[in-house]
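Peer 1: Below are the chains, spelled out letter by letter.
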Amino acid sequence: MAILDLKGIRKEYRKGEKTVEALCGVDLSIEKGEFLSIVGPSGSGKTTLLNIIGCLDTPSTGSVVYNGRELGRMSEKGLSAYRKDNIAFIFQSYNLIPVLTVQENVELPLVIERKSSRTEMRAKAENVIAAVGLSGMADRLPRELSGGQEQRVAIARALVKNPIVVLADEPTANLDSHTAEDIIALMEAMNRDRHTTFIFSTHDKRMESHARRVIVLRDGAVASDERK
Amino acid sequence: MGMLFKIALRNILRHKRRTITSAITIAVGIMFFLFMDSVMSGLDRGGIDNMIELSASAVKAQTRAYENEKEAFPLKYGIGNLAGLRALLANDPRVIGTTPRTQFLGQLSNDRQTVPVVGTVVDPSSDTTVFGPKRFLIGNWLSGDTREIILGKRLAQDMGVGVGGYITLYALTKYDSRNADEFSVAGVLNTSDPGINQSTVILSYAAANDFLDLEGLVTEADIAIKRRVNLRDMAADAADVKRKIASIFPDLAPATFMDIGASFLEIAKSKRAFGVIFLLLLLLIAGVGIFNTVLMSIYERIREVGVLRAHGMAPAQVTLMFVLEGFITGLAGSALGVLLGSCATWALVVYGYPIDKMTGNGDMTAGMPFWGTVYGEWNVPAIIAMFIFGTLVATIAGLIPARKAGSMQVTDALRFA
Numbered sequence: 010m011a012i013l014d015l016k017g018i019r020k021e022y023r024k025g026e027k028t029v030e031a032l033c034g035v036d037l038s039i040e041k042g043e044f045l046s047i048v049g050p051s052g053s054g055k056t057t058l059l060n061i062i063g064c065l066d067t068p069s070t071g072s073v074v075y076n077g078r079e080l081g082r083m084s085e086k087g088l089s090a091y092r093k094d095n096i097a098f099i100f101q102s103y104n105l106i107p108v109l110t111v112q113e114n115v116e117l118p119l120v121i122e123r124k125s126s127r128t129e130m131r132a133k134a135e136n137v138i139a140a141v142g143l144s145g146m147a148d149r150l151p152r153e154l155s156g157g158q159e160q161r162v163a164i165a166r167a168l169v170k171n172p173i174v175v176l177a178d179e180p181t182a183n184l185d186s187h188t189a190e191d192i193i194a195l196m197e198a199m200n201r202d203r204h205t206t207f208i209f210s211t212h213d214k215r216m217e218s219h220a221r222r223v224i225v226l227r228d229g230a231v232a233s234d235e236r237k
Numbered sequence: 199m200g201m202l203f204k205i206a207l208r209n210i211l212r213h214k215r216r217t218i219t220s221a222i223t224i225a226v227g228i229m230f231f232l233f234m235d236s237v238m239s240g241l242d243r244g245g246i247d248n249m250i251e252l253s254a255s256a257v258k259a260q261t262r263a264y265e266n267e268k269e270a271f272p273l274k275y276g277i278g279n280l281a282g283l284r285a286l287l288a289n290d291p292r293v294i295g296t297t298p299r300t301q302f303l304g305q306l307s308n309d310r311q312t313v314p315v316v317g318t319v320v321d322p323s324s325d326t327t328v329f330g331p332k333r334f335l336i337g338n339w340l341s342g343d344t345r346e347i348i349l350g351k352r353l354a355q356d357m358g359v360g361v362g363g364y365i366t367l368y369a370l371t372k373y374d375s376r377n378a379d380e381f382s383v384a385g386v387l388n389t390s391d392p393g394i395n396q397s398t399v400i401l402s403y404a405a406a407n408d409f410l411d412l413e414g415l416v417t418e419a420d421i422a423i424k425r426r427v428n429l430r431d432m433a434a435d436a437a438d439v440k441r442k443i444a445s446i447f448p449d450l451a452p453a454t455f456m457d458i459g460a461s462f463l464e465i466a467k468s469k470r471a472f473g474v475i476f477l478l479l480l481l482l483i484a485g486v487g488i489f490n491t492v493l494m495s496i497y498e499r500i501r502e503v504g505v506l507r508a509h510g511m512a513p514a515q516v517t518l519m520f521v522l523e524g525f526i527t528g529l530a531g532s533a534l535g536v537l538l539g540s541c542a543t544w545a546l547v548v549y550g551y552p553i554d555k556m557t558g559n560g561d562m563t564a565g566m567p568f569w570g571t572v573y574g575e576w577n578v579p580a581i582i583a584m585f586i587f588g589t590l591v592a593t594i595a596g597l598i599p600a601r602k603a604g605s606m607q608v609t610d611a612l613r614f615a
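From first to last, the protein sequence lines stand for chains G and Y. Position in the first sequence counted from 1, then plus 9, gives you my numbering. Position in the second sequence counted from 1, then plus 198, gives you my numbering.
Honestly, the hints are just simulated from the structure, not real lab data. The model shown is predicted, which means the values in this text are computed figures rather than measured ones. Each residue gets a CB set at the ideal place from its N, CA and C atoms; glycine is no exception. There could be a bad hint or two in this list.
List of simulated lysine-lysine pairs, DSSO-like, C-alpha gap at most 27 Å [stated by the list, open to error]:
| no. | chain 1 | residue 1 | chain 2 | residue 2 |
| --- | --- | --- | --- | --- |
| 1 | G | K86 | Y | K214 |
| 2 | G | K133 | Y | K602 |
| 3 | G | K86 | G | K124 |
| 4 | G | K86 | Y | K274 |
| 5 | G | K124 | G | K16 |
| 6 | G | K41 | G | K133 |
| 7 | G | K41 | G | K16 |
| 8 | Y | K204 | G | K24 |
| 9 | Y | K442 | G | K124 |
Stretches of chain G that chain Y covers, calculated by requiring three or more beta carbons in the stretch to come under 8 Å of a beta carbon on chain Y [said to hold, decoys possible]:
| no. | region |
| --- | --- |
| 10 | 18-27 |
| 11 | 57-67 |
| 12 | 98-107 |
Take the sequences, apply the hints, and build the full model.
Peer 2: Set out below in structure tokens:
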């Protein structure tokens, strides 16, 4: 059963006098537990599509349906609440909060969510930190970690609240090949063990090769959609 | 809230120099205000104390009839039951003395010139329990000799007479007949209140009963009460004594030093207004500093705002996080300001400052009744108000840019490099 349905998604931006069409009629259906890669050249609309799937942006036309719920007409506050409960993000440049420790960064989505007690938060965070292989580093600040370790923290932060979907925008772009392999393997393991849906945009051929479904975007439209 | 506070606090500590600069601006504003407030309160208190000590006393009782015509200093409305008034106040623990006084209009002459004066008739023994002229006296206090007089220093200089010299005094007696007599100057009052220096003429009842046919007429009773550390407490005591007198002696119209010094206190109030304007200017500068600090903090952390919003943090929570930065900075600055201001006030309260040396013991005090060493006053409500106000200014200054952060589009924030 599809957890996410996008129908006729168009997104237009105003750039001065010009109107730029970033997405032009994207139809997409994603099922629970998919490990899906969105690829395409720069400017093809990958990030825009991820933003719309992640409720960070709204389409100019078309509908986004999550678990049967239409999100198109939700207010900014409603979208915040929806993101809080269902979606997690992994960014290219990790974007950890520099003044918080690894443990605090991972706990952050739970604090925002406000559903767990202090003890539960701590336990959940410790669990997921151990799962990404960072046990013993919980008290470190982001500046004391390597790039790969920071991305592992970002993955732990994304997974801690058991989201329906994890969206990753070029998660290995800033990593060396060895670390990138580790991160891909970790995401695959999490997808396998937790059945979390991963949707990631990438230029990285290795990462693309790990995906079980590859969607190619070109000029804002789906050029191909391949399942392996 | 706990996590937001943690992020705000750690970001503040991360940018120590910027935070310290903003906090110090607030602290300096508050410290100067508290210092100035203490000085002003001290001046008011010094002025009031000196007014009580030399002219007004704590409570002054005159008859209602005299009160209605007091500008003419009539010698016809005496206090009928002075002994009864003294007996009433004798057992009041707040009262330390009661003395009679009678004022009259006259003219002083030295053969070359004649100047109008308001004379005061006193009981030399009890007067010093209520008033303190002896502290400022050159020469001697009135002995009992019926031909002695005390003059203000400036008046004595104008008349070309000094201690031991002679001066002629003209006046209308109680029965409106003219009288003149020659008095020897026993002492000269040297205060830095030009009003007192220029117009004081003091005689004893022993002299005036004969010279003015007073026959014991007393137009006012002056009452001294114990000095209290806080002016408000002393004013409350004086008001209580006033009520007590008015309830037992309905023919009397007692007035406290607060009533008599109302104009002085009005001037003091306007001086305070300048202090408040000064403070507002300083806090405005501090507010602009905090505004800038929070704005810089937001620009440095726009991507962080994007991440928090992407994880579902509501716009109001993002706003609150940055508001907290302004609040914490304001809190720290206000606490420091109150601490420094309290230290400065403590020094003023304990050591004081010699205003007569600063003003040359002359007319620099512009007619205001203060001299000697002026001590600062504690103003606890002002300290609390400044603490709250400083924190509030910083919080509001932080709110404006914080709202900008809260209303930012998530995608714009995440794209920001």
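Peer 1: Between K41 of chain G and K133 of chain G, does the CA-CA distance stay at or below 27 Å?
Peer 2: Distance of about 22 Å is within 27 Å: holds.
Peer 1: With a cut-off of 8 Å between beta carbons, are at least three residues of the region 98-107 of chain G near chain Y?
Peer 2: holds (count 6)
Peer 1: Taken at face value, is the distance from the CA of K214 of chain Y to the CA of K86 of chain G at most 27 Å?
Peer 2: violated (34 Å)
Peer 1: Tell me if the straight-line CA distance from K86 of chain G to K274 of chain Y falls inside 27 Å.
Peer 2: Violated: K86 of chain G and K274 of chain Y sit about 84 Å apart, past 27 Å.
Peer 1: Take the region 57-67 of chain G, compare each residue's beta carbon with every beta carbon of chain Y, and decide whether three or more fall closer than 8 Å.
Peer 2: Answer holds; 4 residues pass the 8 Å Cβ test.
Peer 1: Using C-beta distances, would you say chain Y covers the region 18-27 of chain G, given that this needs three or more residues below 8 Å?
Peer 2: violated (count 0)
Peer 1: Are the Cα atoms of K41 of chain G and K16 of chain G separated by 27 Å or less?
Peer 2: Holds. K41 of chain G to K16 of chain G sits at ~18 Å (cutoff 27 Å).
Peer 1: Holds or violated: are the alpha carbons of K442 of chain Y and K124 of chain G at most 27 Å from each other?
Peer 2: violated (67 Å)
Peer 1: Sort out whether K16 of chain G lies within 27 Å of K124 of chain G, counting only the CA atoms.
Peer 2: violated (32 Å)
Peer 1: Holds or violated: K133 of chain G and K602 of chain Y, Cα atoms, limit 27 Å.
Peer 2: violated (34 Å)
Peer 1: Holds or violated: K204 of chain Y and K24 of chain G, Cα atoms, limit 27 Å.
Peer 2: violated (39 Å)
Peer 1: Holds or violated: are the alpha carbons of K86 of chain G and K124 of chain G at most 27 Å from each other?
Peer 2: holds (18 Å)
In this structure, the hints that do not hold are numbers 1, 2, 4, 5, 8, 9 and 10, in rising order.
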